[in-house]
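Engineer: Residue numbers (the numbering used here), protein chains in the order written: chain A, 1 to 121; chain B, 122 to 219; chain C, 220 to 351.
Don't read these hints as lab results, they were simulated from the structure. Ideal placement from N, C-alpha and C gives every residue a C-beta, glycine not left out. Where hints are given, some of them may not hold.
[Claimed, not checked] Covered stretches of chain A, as calculated for chain C (at least 3 residues, CB under 8 Å):
#1 16-23
#2 28-41
#3 109-119
In case you want the letters, here they are:
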Amino acid sequence: MSQTATILLVLRHSPYSSQIAREALDAALTAAAFEVPISLLFINDGVYQLLAKQQPDQLQAKNLSKTLSALAMYDIERLYTASHCLELRGLSNDQLIVDVETLDDSGVSALFHQHQHILSF
Amino acid sequence: MLLHTVNHAPLSSQCLSDCLRVITAPAALLLIEDGVYGASPKHESLFVELTGDIACYALQADVEARGLVGLISPRFTLVSDAEFVELTIQCQRTQSWY
Amino acid sequence: MKLAVVVNGSPTASQAANTALRYVEAALELGHQVPRVFFYGESVHTANMLTTPPQDESNLTLRWQALSQQHEIELIVCIAAAVRRGVMDDREAGRYEHPAGNLADGFELSGLGQLVDATLNADRVITFGGQQ
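The shape of chain A in the complex, shown without the other chains (with noise of 0.2 Å):
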């Protein structure tokens, strides 16, 4: 098993509207049970799981967004964006529920090239 193997995680869908992004999440937090080094990059609609004020109670859905402020606690704290995704959609850093760091398109590019592997979600 190689030691310095890190993943990136792409996310790109929306949450609620199906399980992938509440896939994508149990997939991070496993990795990180196994301390490997995980990145979460959040893209295209992906961003929309950033979202701080997130109710879905009346969908009696669980809360994707309480997970997302806990992935500090699993020692997941490389959380990624793209400047553009958020911008398209309207949608400014502080609305979002976790601290995370906001790319331009060649940032993204290259965090492709920052890991071994890339889990597409």
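With the hints as your guide, set chains B and C onto chain A.
Structural biologist: Positioned in the frame of chain A, the structure of chains B and C alone reads:
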């Protein structure tokens, strides 16, 4: 080098444009499944800004299934399943846009 | 090279499980190793033994079973994703007091640790997704 796969058609999904926004040379772009519709010459304008070091491919099995043989832009090289595998070997990582 | 394959799309609402199968077949033909395929998200339905396409149609479940048997590939199905979607072995069925399990032979329920393990031990990782 990164391999990007896109599996949806450009008019029904943002996948292709999301990919093209961040794809950086040197890289390879492989259209698979419904993504092969993006290889139509009609969509050429989507790709004009790609620099020379981005190789474009379309998965042959999907092109043939959809009756698109002969309707693909010359920008795209058709690849077999084996060549698909080779691409994932040559490129260190693959990002799947779906 | 050692390849880790993750399938994340429905077998009926996407081509993910189909494209992944062809990819694995081609990889094996080229002499690469695919020790494990991890079925996640909607792809867990590929492991449902009750899947019964018409006689004149390809049966993805059977094709994966055959491939797995022939080449000793572990077909791991994420247990949480599967149980959530009503795909489970007899043991899980018993645990949840369901009349029977429906996990196809050759597929095995396991945790996300298997996905992480496969990724860490692979030279290349690829995800086959569907439509969301």
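Engineer: Does each hint hold? Answer for all of them.
Structural biologist: Going through the hints against the structure:
Counting residues of the stretch 16-23 of chain A whose beta carbon lies closer than 8 Å to any beta carbon of chain C gives 5, which meets the minimum of three for the stated coverage. Counting residues of the stretch 28-41 of chain A whose CB lies closer than 8 Å to any CB of chain C gives 5, so the stated coverage by that chain holds, three being the minimum. Closer than 8 Å: that is the beta-carbon criterion, and the stretch 109-119 of chain A has 3 residues meeting it against chain C, so the requirement of 3 holds.
When the structure is compared with the earlier hints, no violation turns up for any of them.
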